[in-house]
Amino acid sequence: MRKVSFTVNGRPLDVVADERQTMLLDVVRDDLSLTGAKQSCDRKGQCGTCMVLVDGKAVLSCITKVAALQGANVTTIEGLGTPGQPHPIQQAFVLAGAVQCGFCTPGMIVTAAELLEANPSPTRAEIRRALRRNLCRCTGYAKIIDAIQLAGRFLRGEIAPADLVPGPDAPPLGVSHPRPSAMAKACGTALFGADIRMPGALEVAVVRSPHPHARIRGIDATAAEGMPGVTGVMTAKDIRGTNRIKYTVADRPVLCDDTVRTLGDPVAIVAAATRDQAVAAAEAVVVDYEPLPALLSPEAALADGAPRIHPDVPNLCHSQPIVKGDAAGAFATAAAVVEARFRTQCVHQAPLEPEVSLAYLEGEGEDAELVIIGRSINIHLAMASLQAALGWEAIRYEEPFSGGQFGIKVEVITEGIAGAAALHFGRAVRYLPSLAESMLATSKRHPFDMGIRLAADADGHLSALAMDITVDNGAYMSLGVVILNRALHMLTSSYFVPNIDVTSRLVYTNNPWGSAARGAGPPQTHYALECAVDMLAEKMGIDPLEFRRRNSLKPGETKATGHVVREWPFPGLCEAIQPRYEEARRQVEAARAEGVHRGVGLGAAAFGIAMPGDKSIAAIELDPDDGVTVYVAAADPGEGTDSMLSQLVAAVLELPPARVRLHTRSTADTTASGPASGSRVTYMIGGAAVDAARQLRMAMDEEGARTHAAFTASGRPTRYVGRRTTLETAPLDPATGQGPSFEVQVFSVQMAEVEVDTATGEVRLLRLTSAADPGRVIHPLNVEGQLEGGMDMGAGFALREEYVAGKTRDWVTFKFPNIRHAVDLQTIVVETPRELGTLGSVGIGEMAMVSTAPAIVNAIRDACGAMVFELPATPERVRVALAMTDAQLAGAGT
Amino acid sequence: MTAEGIRTRELRTVAGREAWFDSEGFFWEPDDWSEAAAQELARDSGIPALDEVQWRVIRFLRDYYGRNGRAPMNRELKAGTDLSLLELERLFPDGIRMGARRLAGLPNPKTCIE
Chain A
1 MRKVSFTVNG RPLDVVADER QTMLLDVVRD DLSLTGAKQS CDRKGQCGTC MVLVDGKAVL
61 SCITKVAALQ GANVTTIEGL GTPGQPHPIQ QAFVLAGAVQ CGFCTPGMIV TAAELLEANP
121 SPTRAEIRRA LRRNLCRCTG YAKIIDAIQL AGRFLRGEIA PADLVPGPDA PPLGVSHPRP
181 SAMAKACGTA LFGADIRMPG ALEVAVVRSP HPHARIRGID ATAAEGMPGV TGVMTAKDIR
241 GTNRIKYTVA DRPVLCDDTV RTLGDPVAIV AAATRDQAVA AAEAVVVDYE PLPALLSPEA
301 ALADGAPRIH PDVPNLCHSQ PIVKGDAAGA FATAAAVVEA RFRTQCVHQA PLEPEVSLAY
361 LEGEGEDAEL VIIGRSINIH LAMASLQAAL GWEAIRYEEP FSGGQFGIKV EVITEGIAGA
421 AALHFGRAVR YLPSLAESML ATSKRHPFDM GIRLAADADG HLSALAMDIT VDNGAYMSLG
481 VVILNRALHM LTSSYFVPNI DVTSRLVYTN NPWGSAARGA GPPQTHYALE CAVDMLAEKM
541 GIDPLEFRRR NSLKPGETKA TGHVVREWPF PGLCEAIQPR YEEARRQVEA ARAEGVHRGV
601 GLGAAAFGIA MPGDKSIAAI ELDPDDGVTV YVAAADPGEG TDSMLSQLVA AVLELPPARV
661 RLHTRSTADT TASGPASGSR VTYMIGGAAV DAARQLRMAM DEEGARTHAA FTASGRPTRY
721 VGRRTTLETA PLDPATGQGP SFEVQVFSVQ MAEVEVDTAT GEVRLLRLTS AADPGRVIHP
781 LNVEGQLEGG MDMGAGFALR EEYVAGKTRD WVTFKFPNIR HAVDLQTIVV ETPRELGTLG
841 SVGIGEMAMV STAPAIVNAI RDACGAMVFE LPATPERVRV ALAMTDAQLA GAGT
Chain B
1001 MTAEGIRTRE LRTVAGREAW FDSEGFFWEP DDWSEAAAQE LARDSGIPAL DEVQWRVIRF
1061 LRDYYGRNGR APMNRELKAG TDLSLLELER LFPDGIRMGA RRLAGLPNPK TCIE
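Order-wise, the sequence lines are chains A and B. Quick note on numbering: the numbering used here labels position 500 of the first sequence as 500, and the sequence is numbered without any gaps. Quick note on numbering: the numbering used here labels position 46 of the second sequence as 1046, and the sequence is numbered without any gaps.
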């Protein structure tokens, strides 16, 4: 041990530190309660969220030993500025739209502070070098680089932050008003789950299965219970409820009782005074497993004699055909047909924030309320699921700030563990698993295996589509049926296909269980379809952009499910991207003349929003200061829900957006508005909020009142509840897959430009361009931010990312896209206000990555002729594809 | 559970009207509820006729949902009806959620829809 004297944000400290183990991050977070420096990577120095300045140099505080800091001056994000007096870099991040979930933001700003101190006018290349140790999952890094250049302008005195802040007369819509939550995130004062103080709380650790499939013969916790600091160990028998988490089907145990069905399944909970003690004791719990056959592919799970993974359900747990027109007849008379088989991989959604939940009992006796602070984006459903699973009716669910989600937070994960432990031990508990455990415990993007045949007539019009789709559901249902059906609803992308014959199967296996992941089904099927579209266009000698425009649906025509569409502004996007496409083609030709294997590829998407039967509800109240408060459960893990709600309501009530307050995070004061998923937040939840605001506006207008005082004098209520309900309600026909579909669509055409090293198979991604039409734009920077972040995520899906259970343990093994992977991201936004949209708007978040992978794979093929049939398109797969002969390519689907 | 059982909604006829119900038998749309439907659902669950106290609970639940867009917490239900949890559970043998809330036509929190 050694006593070390240094300062943090000017405050002198004497710390007696273990020379090897005490890290600066521990002092900053645990001793000083400063929350801006985060922890994501299990203290491996991989993510940069913990960055602080030591004598002006940005360091990774998670691996900086305190013993080496004698005499040092440490500055954290809190020392740079506060929401009341922000640093120019913090202001620049807010005004440039660089803050989404905000988990990486303090670390980014600290790194930028070092850079700008030394170099007030950095180039984009210099910024990229400076940020090489910082990860971001939301932005694609584009707006972060913009923000640092803007901060440079502030610091050089060329422009002031106030010059960029929208004035009091700025319209509510179509203007990038600073996000209500952005400055708190930029200053490190926004509290995420791990930032919440709970003195005296027990820390819990979970014993997890090392087997993908096994019977539990016995659990011996004797040794663990006797270890230092341990309060106790609990197993499934200690849970008083159903012990099953239900999203669509109650099949996933909080703690496994007799069987584990996938690697990492939870078996026991250990509670102790400290996290280290809990983790050590968890390792001492002895579980007697009887390994069972591990069914690690749909083929194995469907084989004759394969054991059932769930006793009451066949492993083939869902199937849904689509039968439209006469596909066989159309194939028989087609002018051209292509056929192939495509496969996609299992992917972790990779929010930067690891899992975390807290729970405690508030009150006593019959009124005791179990408070669970979790990370759900559907807090009322999470509460209901936990009520049944834990056997405790009085639950209040609260959501702190959330560090990204991308689908992973649709499901209950750590909340069940924390809630069960709080009830069993009768104490406040905190469950903060490592990143490796967070990866093991959570849902994943489903792998798809897709055979496809696509045909066109002599005029180059798509005439028939046949697909067989097999989805590896993993061990638990979650919303596997929803994922598969969403893929089917959006099967034909932007196109009219009159004849369709599709079979689809959802199969339980012992693999990681799939659930929501940005796009939720369509990214997988669009990879197959959009690649097949390019293959068919080439076969027919038609330019791929022209082929897509020619085959666009038209109002009055039908989607794959037979649903007649009302609006379809897709051709306008083809027009919008045409000039850049032609320029890209010219650059390809110029590069090829110099022997470079350069290519350009396209992918399109028509992403549906608001399934038949969807509903939402919101409440609004006129406040005594003449502002309003919106009460609605609407998670905002980065997309900008706060901007959307405040600006929409402001538009209806003709108020400045800052006068609209939001209560969105607790089941105790919000409406049960449905999940913040499926890109439904603007259309459904925003739509309900607009309905509530309109009712209030109408009532105030009827009374001629513009103030709270005048309105209440009239005797009218100040609170109104609004709803949004889709026009159609029925699900698909189980036998034909025909029926009503999404109420509205957001459209996209993406373009990738790549160079391929044909010797190594390396793909150099040069530029991605996304043209999108989300309807009326509420907040331009938020829309651009979603498009840029989506393209970056799509590029990771296309080229690098894969989750392998037991092997993928951190951001390096996951191949998390860092700023060195970041490419030139271009956006083109076309605004076609939708008839049914929420003030003309529909949404954008998921669509942003749906067609990125096919655009990149089509560009690879254009560059070198290699068609990659399985993602990710690694150099090895590109080399294999390059070696395929034409005959092999033709047989790829058989 | 079967593949068919995974469907999140089913169309049923209750008190002479077709309405969508979720997989637990809750009204999908609270506006499809009627007093006659509540009475029929009550009979199906073993309550021959809803009495005045049961109706008071049902009316409180519907009024609360109409103002707040969610079901009340138990403590709010107790305060709003002046009944203890034990009394409420005696009134609705299927429990507060599966009994009272379901008969009152309050919808379950929504999942993503298939």
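Bear in mind the hints are in silico, worked out from the structure with no lab data behind them. Treat the hints loosely; a few may be bogus.
Claimed, not checked - Derived contacts from chain A toward chain B, CB cut-off under 8 Å, selection only: (1) Ala184; (2) Asp276; (3) Asp367; (4) Met611; (5) Lys615; (6) Ile617; (7) Ala619; (8) Glu621; (9) Asp625; (10) Ser677; (11) Gly678; (12) Arg719; (13) Val812.
Every residue gets a Cβ at the ideal spot worked out from N, C-alpha and C, and that includes glycine.
Original post:
Which of the stated hints cannot be reconciled with the structure, identified by number in ascending sequence?
Top reply: 1, 2, 8, 9, 13
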